[in-house]
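> For this one, chain A is given, so just place chains B and C on it according to the hints.
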Amino acid sequence: MFLESSALQNWIIGLLTLSILSIVYKENPAYRFAEHLFVGTSVGYSVMTKWYTYGKPTIVKSIMAEGRWTYIIPVILGMLIYTRYFKSISWLARYCIAFNIGYGSAYVLTNDPRSLVLTQMAATFKPLWVPGNLFQSVSNWVLVFGVVGTLMYFFFTAKRTGIVGVGANVGKWVMMAAFGSAFGNTVMARVSLFIGRMQFILRDWVGVIPK
Amino acid sequence: MRREGPVIFAALAGLAVVICRFFSTQALKAVKDELDQWYLICTAFMVLVGLINLTRVHLKKVSQKKEGWGYSVVLLAGMYWFVLFGLMRGSLGDPQYAWMFNTFPAPLGATMFALLAFYIASASYRSFRVRTAEATVLLVSAVLIMLGSVPVGKLIWSQLPGIRDWMLSNPNTAGLRGIQLGACVGGMATALRILVGLERGHLGGDV
Amino acid sequence: MSFWEKAQNIDRRVPYTLLIVLIAYILIRPIGLAVEINAITQAAYNNLDKVPAGSIVWLSADYGASSMTELLPAQKAVMRHAFGKGLRVIAGGMWDEGGAMTDYAWQDVRKDFPEKKYGVDFVNVGYKPGGKVLLERIVADAHQALQGIDFYGKSFAELPLMSEFKTFKDAKLIFEFTSGTPGEQDYMKMVTDPLKIPFSAAATAVSVPGIMPFVQSGQMQGLLQGMSGSAQYEVLVKKPGPAVAGMDAQSVAHLLMVVFILIGNIGYLSTRGKKPQSQA
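For the protein sequence lines, the chains are A, B and C, in the order given. No gaps in the numbering here: position 65 of the first sequence is 65 in my numbering, and each next residue is one more. No gaps in the numbering here: position 18 of the second sequence is 18 in my numbering, and each next residue is one more. No gaps in the numbering here: position 127 of the third sequence is 127 in my numbering, and each next residue is one more.
Bound-form chain A, shown alone (with noise of 0.2 Å):
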């Protein structure tokens, strides 16, 4: 059947790739014509997934089959997010938002402590003198140092002077160096995509890479 077709598949996926690359060279029609083609799909198949892992199955399984029916206050309240497309109704879906916003900000209140606040803060306290390895002593200090020192960068309410200068220095060149291992893996990362796209073009599609 056409669609076991690998050949077919490389041909179309390979086409539309080279569309979207073009666009390095100038906007054009083939650009946008997959740039459209993208969006489309992507939401289409987004709406397939929430259907099939969840709707779905809520419906069928947990409703009708299961007798769940207290799930259905919440199918409704999922729902309320469309009357903002009524005028006269779009109020209803501040409801929908409000459970969502209102759930996920306890979470985040009750939750987010342990392993972003308190753990982390735990991890910081590094022994500043470590006997017999002065590399991982100075390690620690730039560590325990560097992040007092970028939290006081952040002490906008107090006068850069005395200790506080000092810290927000320190942090400020702190931040300096983690901001540019982020610019680092940034390039990293956006070049390893475009390497990704060019071993498909020369090894799936046209076939000078053996596979």
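FYI, nobody ran anything at the bench for these hints, they're computed from the structure. You can take every hint at face value.
Simulated crosslink set (DSBU-like; lysine-lysine; CA at most 30 Å straight-line):
no., chain 1, residue 1, chain 2, residue 2
1, C, Lys-169, C, Lys-196
2, C, Lys-239, C, Lys-117
3, C, Lys-117, C, Lys-166
4, C, Lys-172, C, Lys-111
5, C, Lys-85, C, Lys-50
6, C, Lys-154, C, Lys-116
7, B, Lys-154, C, Lys-239
8, A, Lys-87, B, Lys-61
9, C, Lys-85, A, Lys-211
10, A, Lys-50, B, Lys-32
11, A, Lys-87, B, Lys-65
12, A, Lys-26, B, Lys-65
13, C, Lys-172, C, Lys-117
14, A, Lys-61, C, Lys-169
15, A, Lys-61, C, Lys-166
16, C, Lys-172, B, Lys-29
17, A, Lys-50, C, Lys-166
18, C, Lys-111, C, Lys-85
19, B, Lys-32, C, Lys-196
20, C, Lys-154, C, Lys-85
If you anchor each label on the Cβ, the simulated ranges turn out as follows:
no., chain 1, residue 1, chain 2, residue 2, range
21, B, Thr-190, A, Ile-72, 29 to 37 Å
22, C, Ile-263, A, Asn-28, 27 to 35 Å
23, A, Ile-72, C, Lys-166, 21 to 29 Å
24, A, Lys-87, B, Glu-67, 23 to 31 Å
25, B, Glu-67, C, Ala-39, 53 to 61 Å
26, C, Ile-20, B, Gly-186, 39 to 47 Å
27, B, Val-62, A, Ser-90, 19 to 27 Å
28, B, Leu-87, A, Ile-89, 25 to 33 Å
29, B, Arg-193, C, Ile-28, 52 to 60 Å
30, C, Ala-39, B, Ser-24, 34 to 42 Å
31, C, Thr-181, B, Tyr-119, 18 to 26 Å
Some residues of chain B that are not near chain C, with every Cβ distance over 10 Å (derived):
no., residue
32, Arg-2
33, Glu-4
34, Gly-5
35, Ala-11
36, Leu-15
37, Phe-22
38, Gln-26
39, Met-188
Quick caveat, the model's predicted, so the values are computed rather than measured. Every residue, glycine too, gets a C-beta built ideally from N, C-alpha and C.
Only chains B and C this time, still in chain A's reference frame:
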């Protein structure tokens, strides 16, 4: 109902989670489990918002024959084709539906993001200037990370991979940990403001 | 315009063309630079390696096609490692396309492990919405949280492996493939920190700096960093693949970027303070 109702509703939803966290009884656990499931179901049924918005915008463009309306036809056709074909095939894992996914949105998405390689190359070359000492530190850090992350770095200088690992584990960790601690505390403050009704921006309009 | 003024204003199509040509050339004629294993990747490998045979591990595919190049090779390598050790794998995800990515990986990896049976040794639960709330539900009642069906629409009742997985506590290790939010922080908050389950991850390079604080704190034991990390894991499982193949091209691309940054800055420093001979 229109203004205060949603605010109170958000607070009650959040309060339910908080109470269940602080008091663990079987009854409260059952309530929490049920509400968790409600949250998941509610999220799933909100899925059509993107589809409806795109349909409204692009149908209007097509009906008014605005510039580029042909592309809107492509977008709408692609979107509804994936929905209808998916409904016909019966599951995400159906081989033919998987073929469609692997042929269209997957490689298109990968290629769209691959374009970023060019933009970052252009941005690095044109904008990355050592105008200040801070920018110099940023540049040096970026170059060390870029070269230390790839095999050629070790050929240039055998210590580069080790320097890169040290930089990620120490100054990078220190800087980003400080930022994340601050962001987390800020997030908790915002969450508390939402639960007590001080923060209403997410509800839109004149709430 | 002086030479250094010109050097700061090279037409953008020059670096674009060089990038394309060099990457294509190196992919066709690889140099074969050795991929070194770093300590953080080794830690992730060791974390999975010490899980006893027969145990269940949970893989979380929290990425889409846009991060496929960096994370799909890692997922395949990790699955090969797990199957090679006799582990049983259940894969889920909090991202839309996670189920499809896992299916991609399974269709390839199963060729090397024909004895592994779907439903007995491996289950692809696929994507489920809800993020951190989903994870909390899986801790309480996995079957209800996952709606009792897998990515292919099969009921858990047909999948013997799922009868042994009722909650995250039944998994001996969690390995996540993450490219953003929801992601590793949700696992740490809801699952691995409270339940003390070993946790490793593969992340896109852009996410790595933000995840390193959690590696340093011990909340995550090992991290595969972008395509480089995937390449290292491919070497560790002795099955080099597209990630290893791409590292030479990655090296050359990084060198090119550094050269252009240096040219731009040498030009800037040379012309700084001088009267411009032409408009910028």
